[in-house]
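Those letters in the sequence shown? Residues 1 to 906, by this note's numbering.
Where hints are given, some of them may not hold.
In the BS3-like style, the derived pairs of lysine-lysine whose C-alpha atoms are separated by at most 27 Å in a straight line are [to be verified]: (1) Lys93 <-> Lys9; (2) Lys873 <-> Lys851; (3) Lys177 <-> Lys392; (4) Lys90 <-> Lys122; (5) Lys458 <-> Lys325; (6) Lys154 <-> Lys122; (7) Lys509 <-> Lys696; (8) Lys509 <-> Lys392; (9) Lys504 <-> Lys458; (10) Lys156 <-> Lys31; (11) Lys156 <-> Lys402; (12) Lys458 <-> Lys403; (13) Lys656 <-> Lys603; (14) Lys93 <-> Lys648; (15) Lys851 <-> Lys877.
Read the hints as simulated data drawn from the structure, not as lab findings.
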Amino acid sequence: MNSLTQILKPRSIAVIGASTKPFRAGNVVMKNLLQGGFEGAIMPVTPKYSSVCGVLAYPSVAALPATPDMVVLCTHASRNIEIFEQLAEKGTKCAIVLSSDMYAISQDNTTSIQQRCAEIAKQANIRMFGPNSLGIMLPWINLNATFSPSPARKGKIAFISQSAAVCTTILDWANDKDIGFSAFISLGNAVDIDFADLLDCLSTDSHTDAILLYVDTIKDARRFMSAARAASRNRRILVLKGGKTEAGRKAAHAHTGGDNTLDVIYDSAIRRTGMLRVNNTHELFAAVETLTHSVPLRGERLAIVTNGGGPAIMAVDTLIERGGKLAEFDDALTEQLDQFLPSSWSRGNPIDMVGDAGDDRYVKTLNAILDHDCADAILVMHSPSAVAESEKTANAVIEAFKKHPRHRRFNLLTNWSGELTARPARQMFTQAGIPTYRTPESAVVAFMHLVEYRRNQKQLMETPTTAEPVQSTELNAARHWVNQALAHCDHIALDTHQLGNFLKCFDFKVLPTWLASDPSEAVHVAEQIGYPVAVKLRSPDIAHKSDIHGVMLNLRNSHEVANAAQAILDRAHLSYPSANIHGLLVQGMAKSAGGEEIRIKVKTDLLFGPVILIGQGGSEWNESIDASSALPPLNMTLARYLIVRAIKQGHIRPHKQPEPLNIDGLAEFLVRISQLVIDVPQVHELDIHPLLVNGKAFTILDTDLILHAYQGDAHQRLAIRPYPVEYEEVVTLRSDEQILLRPILPEDEPKHADFIHHVSKEDLYRRFFTEVGEFNHEALANLTQIDYDREMAFVAVADLGGERSIIGVSRALINPDNTDAEFAILIQTDQKGKGLGQLLMRKIIDYCQQKGTRQMSGMTMPSNSGMLGLARKLGFKVDIQFEDGVADMVLPLLTTPPHESTPTLK
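Taking the hints into account, I'd like the entire structure generated from these sequences.
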């Protein structure tokens, strides 16, 4: 498959369906290309005209004098199959399809026109934008191959959208704000080229600092998550996602064939990748304004400076509602402000300088905050005033901020309220590169975008901890139990009294439950359990037992049990006469005093696969609005983030108890849920309703499980590739030492730092081609928190001095097309000479072969004779370039590399 990077640098373009008629797509695209100043060849294709817009036209694709790098199809869908066949014969590598009616059935009456065109494109190696695309603009090469009424200016933001209407709206706003773009791309239905392809491409583009996405839906969750996670480490990425509601999702499906995935699932996926989500078009505009002009936020403390108390109160309300933090001033700053502010100033944050504040008071207050370390960002607010003229005050603030020697340590945001008098001032701030907003609320929302982006990035880079793994014996027992349950069927639904043995395999405490068929049997069971007990209805047709008072608690004797059981059955038959009643469940009463009841649900989404939802629960629980979600796999850090987010969003509402909610204990419970989901692929749905949390005790009171038979790779159904335990192996070195070769873990960061300390400066220089100092947390996180779907690192772990230590690492960074894997290897200096390098290299070669990668490539120094000798031994082609001081190593993987010996497996 062609590199998209090269495709987005066309030197020639053909416009198929070019037209002389105004407002026709073929005419608008031609005019945009010519007026944009594209320096490559522009070739209109039409049998109707000899020329279009003054450019010689060609009657057909075959008649073109050269193969165009890119074509724009402005034709009716009914012609497109024939055109794609002609493009395949011509050898074109990229097509933009504007047609919106490609869902129509083709002449063979078996497939749609869209599907047939996609098949031809794939066979001919043609990459396709669309159908239903507005086109693409690449301002840095003066390319405007769109049907847009407006061009895009050159800038540092890439915009990618599935909606043409959103494209034109954003473009109109950006031109008004004098904001430019590095790329402006309309995906349309994204049959071929999609978000993942473009994120991979644009995240390394030198003209792109930030990427904006408008998403209706995504097609491949795994590819999207991998590409987004990689891109967000290099670029700021903002996402506006449509289809929050069920009605919105239906509209998205009609628009681009969208899915029915819950919005909370998309929300958790976006957070997990380190991107920032905005809620509406207005917020997107504000976020662009902020990120275009802002330096990275160093903290979350906001100081507010204002000449009006009311607007500042609105700003504070918005800040607190969105989980922000007001800066707290120390005595030194307060005393400094006292020296020049009137005695009636607010003496706190917000700093209300009083309505007669002139530009001099603004400047002194701003300088005072910049002199101290009490805040990380400053919001300067201005309401129309006869004393502080709008433009003069704005100019004073701009000059004061830029002149202050510490201004790069702070983010400055401004809110100049009003229209007629405030608009010129806001333009001054924009021209000065300072974010500015019309209202207090929008200014604070913009600040919170910075905060939320910082939090997502911090989460992406945070070193995780691990809960105790499930033992292999318990895991095998769980799998055996599932196989037995599905022995005679493809799917089965089970409830609490059937699940005790299965859940105990994962160390979950389940309240003992017995089944009773009638009130007398319920009394008998209660006598065996001991009072008090609970009696519950058992019926697959009644989703919420509480709707008919189908749960009776704290029954203290046989009389209460018999009456409660009979009453439950009577109400069930009366309210749901056709429901299947499977009897009653009898449970001992759990200790509920001082406890919290929480609902945890695992559901399998068609797009993202298994998803974990958590909330307060209850009979009115609506998972689309009452739950927070996360994608497995979870570690302790990710599980804590999920719980804290659920609390902040009000989905978990902890009561004031003698012992507060044990977040660490609940996080460990969620990690074991994640392990269950990963290791038992037959789990289609697990609904724990509720989980009783009482101090450090976690007891499952009620649960339902749906199992579906599953065949194939269990990990393939997950949106995020979990730790590949299947690559662990024990090997023996020449010294007869046994070591463990395994994939690297995020939790390896401390061990990896220690490993680097034991590598000589010379070896580090050969590995990184530069002098290497201390590795900071971010650098170590990039080395240990890898995406197993497109990257692999194997570590050699040995017992050194009674501790498990990393003594060697081999890596492969695989490009998105899986055509090349860039490899690297590093061995602890005092561990050389034991054959470890050869074992690690063979491990990574075998991995790339299994993945189907076409070749491996690497680079070292000509002086690194050990690496070059090993490379030649393993079949690499070595090209030493002494003038450049590098040696290239390439290994084609079409055939198995020569292995002289096989490591001893234990």
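Now for the hints, and whether the structure bears them out:
This hinted pair checks out: lysine 93 and lysine 9 have alpha carbons roughly 12 Å apart, not beyond 27 Å. For the suggested pair lysine 873 and lysine 851, the alpha carbons sit about 22 Å apart, so the restraint of at most 27 Å is met. Distance hint between lysine 177 and lysine 392 is fulfilled; the C-alpha atoms sit about 21 Å from each other, no more than 27 Å. Simply put, lysine 90 and lysine 122 have alpha-carbon atoms about 15 Å apart, close enough for the 27 Å limit, and the pair holds.
Distance hint between lysine 458 and lysine 325 is fulfilled; the C-alpha atoms sit about 17 Å from each other, no more than 27 Å. Pair hint lysine 154 plus lysine 122 does not hold up; C-alpha atoms about 32 Å apart against a cutoff of 27 Å. Note on lysine 509 and lysine 696: the hinted pairing holds, with a Cα-Cα distance of about 12 Å set against a maximum of 27 Å. Using a Cα cut-off of 27 Å, the hinted pair lysine 509 and lysine 392 is violated, with the two alpha carbons roughly 68 Å apart.
Using a Cα cut-off of 27 Å, the hinted pair lysine 504 and lysine 458 is violated, with the two alpha carbons roughly 35 Å apart. Proposed proximity of lysine 156 and lysine 31 is supported: the alpha carbons are some 25 Å apart, at most 27 Å. A distance of roughly 22 Å separates the Cα atoms of lysine 156 and lysine 402; the hinted pair therefore holds under the 27 Å criterion. The suggested pairing of lysine 458 with lysine 403 is violated, with an alpha-carbon distance near 31 Å, which exceeds 27 Å.
Proposed proximity of lysine 656 and lysine 603 is contradicted: the alpha carbons are some 31 Å apart, above 27 Å. Annotation: proposed proximity of lysine 93 to lysine 648 is violated, straight-line Cα distance about 49 Å (limit 27 Å). For a cut-off of 27 Å, the pair hint linking lysine 851 to lysine 877 stands: about 21 Å separates their Cα positions.
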